[in-house]
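**Q** Chain residues, written in single-letter form:
2 protein chains.
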Amino acid sequence: MVQLHEIGRIHTPYIDTAPYQPVTDDLGVFKLILQEQYTSALQDVEKFRYIYVIYFLDRITPKKYYDQVSPPWAEGKQVGLFASRSPNRPNPIGLSIVEVKQIRGNVIYTSGLDVYDNTPLLDIKPYIQELDVKPDANYGWLQSDNEEDRDHLLLHIQGKPH
Amino acid sequence: MVQLHEIGRIHTPYIDTAPYQPVTDDLGVFKLILQEQYTSALQDVEKFRYIYVIYFLDRITPKKYYDQVSPPWAEGKQVGLFASRSPNRPNPIGLSIVEVKQIRGNVIYTSGLDVYDNTPLLDIKPYIQELDVKPDANYGWLQSDNEEDRDHLLLHIQGKPH
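Line order of the protein sequences matches chains A and B.
Taking the working numbering, the leading residue of the first sequence gets 1, the next gets one more, and so forth.
Taking the working numbering, the leading residue of the second sequence gets 1, the next gets one more, and so forth.
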C-alpha cells in the first residue's frame, strides 16, 4: 500500500457537474491553493510557462474500473484502459499540464483544467521544454486520416462531453 | 490520507546505485512488469510512441524534503522544491516519459529511465501529441544564454550525476 497525502486543493468552477465542453480559461478562475507550509517551496515555479499538476481523483464513482474502455461512438472499438485517459483507473491519479498565470503566496492561478472543484492536489512539477516536449510523439490509436474524427476522439479521450 | 497500490514494478539495471550518467538505452534492459490482472488493460498501449510512467519513489532516504533546493554548483542559487524535479518531495511521486519498444503480455519494454530497479509502478498514461506536446514550453529558471550552462543544469534537474 502506498500512502500519500494532499498538499492542497484544486479549485475550479466545476462544483457539482463535470465540464460540459473543452476547458477554456474564460470559464472562470482556476487555482491551486497549497497548504501554507508549502508556500516557500513554490519559489521560482512562476518562471515556468507550464507545470504538471498531479492530483487524486476523489470523486470517481463508482470506484471501480474496467480493463477495456469501449467508447460507443467508436463503432465497437475497444482499447485497453492504460491506452486511455479514463479517470476510472486502478490508481485514480490525474495528470494535467497547465499554464502558470500568476502566483500569490500559496496560490497558483492557472489555465483551465477539467477537474471538480476541491480536488486533492498531490504534486507539482515543472514542465521543461527539453525534457517533456517530444515533437515526434504520435496519436496512438487515435490516429486517423480524417482530422475531424481525430479531433472528436481527442475530446473523448480527455473525457470532455461535447 | 490518499491510499494507492502498486500495479507492478519497474525493472532497470540500477540495483544498488543511482544512474551514473544520462540514461541511454544501451545501458541495459528497462521494462515495466505489470501484475497479471492488468495484462488486458495494456491493449493498444503499443500504438503510442511515448507513455507517461508514474511511480512511487520508495527508495528515497531520508524520507524528508526541504522547501528549497540549493544546488552548490549553481553559485548559491536556491529554487523552490516544486520548481525542481528533486525526488525528495512531500509526495515522492515519480513521472517519466519513455518510449514504448515492445509489449509482451504483461511486460512493457521501454527506453531508459533513471529509477532504481524494482520501483513500484502506480499508473501508465498515453503521451499524446496534441495534448502533451507544448512547443512553447520554456526552461524556467534553467534559462540561460549559455547553452552549455543550461545543459549542465538540465542534468542536475534530472538528478543525473555527471
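Any given hint could turn out to be false.
Identical copies look the same in the list; a pair holds intra-copy or inter-copy alike.
Calculated lysine-lysine pairs in the DSS-like style (CA-CA distance at most 25 Å, straight line) [what the hints assert, rightly or not]:
(1) Lys77 / Lys101
(2) Lys31 / Lys101
(3) Lys77 / Lys134
(4) Lys64 / Lys101
Derived by calculation from the structure, the hints in this document are not laboratory data.
Small disclaimer: the values here were computed from a predicted structure and weren't measured.
**Q** Each hint should be assessed against the structure and marked as holding or not.
**A** Hint-by-hint comparison with the structure:
1. Taking the shortest alpha-carbon separations for Lys77 and Lys101, only the inter-copy value of 23 Å comes in at or below 25 Å, while the best intra-copy value is 39 Å.
2. Within a single copy, Lys31 and Lys101 get their C-alpha atoms as close as 9 Å, which meets the 25 Å cut-off; across copies the closest is 38 Å, which misses it.
3. With identical chains, the CA atoms of Lys77 and Lys134 are never at most 25 Å apart, being 27 Å at best within one copy and 29 Å at best between copies.
4. With identical chains, the CA atoms of Lys64 and Lys101 are never at most 25 Å apart, being 35 Å at best within one copy and 29 Å at best between copies.
Hints 3 and 4 from the earlier list are contradicted by this structure; the remaining hints agree with it.
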